[in-house]
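Under numbering that gives the first Met the number 0, the first residue of the sequence shown is numbered 0, with each subsequent residue one higher.
Hints should not be assumed to be uniformly reliable.
What the hints assert, rightly or not - Restraint-style ranges between C-beta atoms, simulated for each label pair: (1) 41 with 63: 20 to 30 Å; (2) 36 with 63: 27 to 37 Å; (3) 36 with 64: 19 to 29 Å; (4) 3 with 135: 50 to 60 Å; (5) 4 with 85: 57 to 67 Å; (6) 135 with 50: 34 to 44 Å; (7) 10 with 38: 53 to 63 Å; (8) 140 with 111: 16 to 26 Å; (9) 126 with 50: 31 to 41 Å; (10) 78 with 126: 16 to 26 Å; (11) 120 with 40: 15 to 25 Å; (12) 50 with 78: 34 to 44 Å; (13) 31 with 86: 15 to 25 Å.
To be verified - BS3-like mimics (lysine-lysine), calculated; alpha carbons at most 25 Å apart, straight line: (14) 88 with 120; (15) 88 with 109; (16) 147 with 120; (17) 120 with 109; (18) 109 with 128; (19) 31 with 4; (20) 26 with 128; (21) 128 with 31; (22) 88 with 147; (23) 109 with 31; (24) 128 with 88.
These are calculated hints, taken from the structure and not from any lab test.
A virtual CB, placed ideally from N, CA and C, is assigned to each residue, including glycine.
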Amino acid sequence: MKGDKMKQFVIFISLILLVVSACHDVKEGYLKVDHACYGSDTLFVRTELDPMYDYNDQTRLDNEAPWVTTNISGVLGTEPLEYEFVSVKASEGGDAVLFAQDITVGGCGKIQIPLVPTAPKGTYLVSIKVSNGDHSAILSDVITIIIK
Numbered sequence: 000m001k002g003d004k005m006k007q008f009v010i011f012i013s014l015i016l017l018v019v020s021a022c023h024d025v026k027e028g029y030l031k032v033d034h035a036c037y038g039s040d041t042l043f044v045r046t047e048l049d050p051m052y053d054y055n056d057q058t059r060l061d062n063e064a065p066w067v068t069t070n071i072s073g074v075l076g077t078e079p080l081e082y083e084f085v086s087v088k089a090s091e092g093g094d095a096v097l098f099a100q101d102i103t104v105g106g107c108g109k110i111q112i113p114l115v116p117t118a119p120k121g122t123y124l125v126s127i128k129v130s131n132g133d134h135s136a137i138l139s140d141v142i143t144i145i146i147k
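Taking the hints into account, I'd like the entire structure generated from these sequences.
Structure follows, in structure tokens:
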């Protein structure tokens with residue numbers, strides 16, 4: 000009888016240890032980026048604005064409004080989602096180092112470029128990272144930004 004109680008106690012403790020150790024390192028939430036994209040896959044940044052003929056240009060100049068993408072769509076995950084700039088590839092006369100100094104990535108994946116960028120005219124492919132706690136993903140070449 001005494002041996003049976005000891006055996007039951009050992010089995011009970013073993014089961015508790017198994018349950019506790021099985022719950023270790025469980026990642027919280029989820030993140031899916033299979034269909035992540037911007038509504039428009041290209042942002043055109045004009046270096047020459049003409050306030051004389053274009054009301055929108057005048058408004059942009061008056062407010063020193065940066066060039067901004069739309070929100071990224073197709074990202075599913077547990078909030079809060081955080082976005083950050085990862086890298087840029089430059090072509091057609093672009094300078095990736097200068098462009099990296101100009102770019103900021105904010106909430107909802109919005110990318111901002113200053114009204115007057117320091118980067119030269121060119122084409123830039125931007126990669127960003129999206130993360131939320133235990134999960135992260137790199138969205139490579141997710142948008143093209145053309146400074147013209």
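These are the hints, each one checked on the structure:
In this structure the hint that residue 41 and residue 63 lie 20 to 30 Å apart at CB holds, the actual value being about 23 Å. A beta carbon spacing of about 29 Å between residue 36 and residue 63 agrees with the range 27 to 37 Å that was offered as a hint. Taken as a hint, the range 19 to 29 Å holds for the pair residue 36 and residue 64, whose Cβ atoms sit roughly 24 Å apart. Between residue 3 and residue 135 the Cβ separation comes to about 51 Å, which falls inside the hinted range of 50 to 60 Å.
Checking the proposed 57 to 67 Å range against residue 4 and residue 85 shows it holds: the Cβ atoms sit about 60 Å from each other. Distance hint check for residue 135 and residue 50: the Cβ-Cβ separation is about 42 Å, which falls inside the suggested range of 34 to 44 Å. For the pair residue 10 and residue 38, the beta carbons lie near 59 Å from each other, so the given range of 53 to 63 Å is met. Judged by the Cβ atoms, the range 16 to 26 Å given for residue 140 and residue 111 holds: they are separated by roughly 19 Å.
Range check, residue 126 to residue 50: about 34 Å between beta-carbon atoms, so the 31 to 41 Å window is met. Distance hint check: the CB atoms of residue 78 and residue 126 are about 22 Å apart, consistent with the given range 16 to 26 Å. About 19 Å separates the C-beta atoms of residue 120 and residue 40, a value consistent with the hinted range of 15 to 25 Å. Taking 34 to 44 Å as the suggested C-beta distance range, the pair residue 50 and residue 78 conforms, at roughly 40 Å.
Between residue 31 and residue 86, the C-beta spacing of about 22 Å keeps the proposed range 15 to 25 Å intact. Of the supplied pair hints, the one linking residue 88 and residue 120 holds, its CA atoms being roughly 13 Å apart against a limit of 25 Å. As the CA atoms of residue 88 and residue 109 are separated by approximately 18 Å, the hinted pair is consistent with the 25 Å bound. Proximity of residue 147 to residue 120 is assessed by CA-CA distance (about 5 Å); at most 25 Å being required, the pair is judged to hold.
A distance of roughly 21 Å separates the Cα atoms of residue 120 and residue 109; the hinted pair therefore holds under the 25 Å criterion. Between residue 109 and residue 128 the alpha-carbon distance is near 12 Å, which keeps this suggested pair within the 25 Å criterion. With a C-alpha separation of about 49 Å, the suggested pairing of residue 31 with residue 4 is violated against the 25 Å cut-off. Distance hint between residue 26 and residue 128 is fulfilled; the C-alpha atoms sit about 18 Å from each other, no more than 25 Å.
A C-alpha spacing of about 12 Å is found between residue 128 and residue 31, which places the hinted pair at or below 25 Å, so the restraint holds. A threshold of 25 Å between alpha carbons decides the hint, and for residue 88 with residue 147 the separation of about 16 Å falls inside it, so the pair holds. Using a Cα cut-off of 25 Å, the hinted pair residue 109 and residue 31 holds, with the two alpha carbons roughly 18 Å apart. Simply put, residue 128 and residue 88 have alpha-carbon atoms about 15 Å apart, close enough for the 25 Å limit, and the pair holds.
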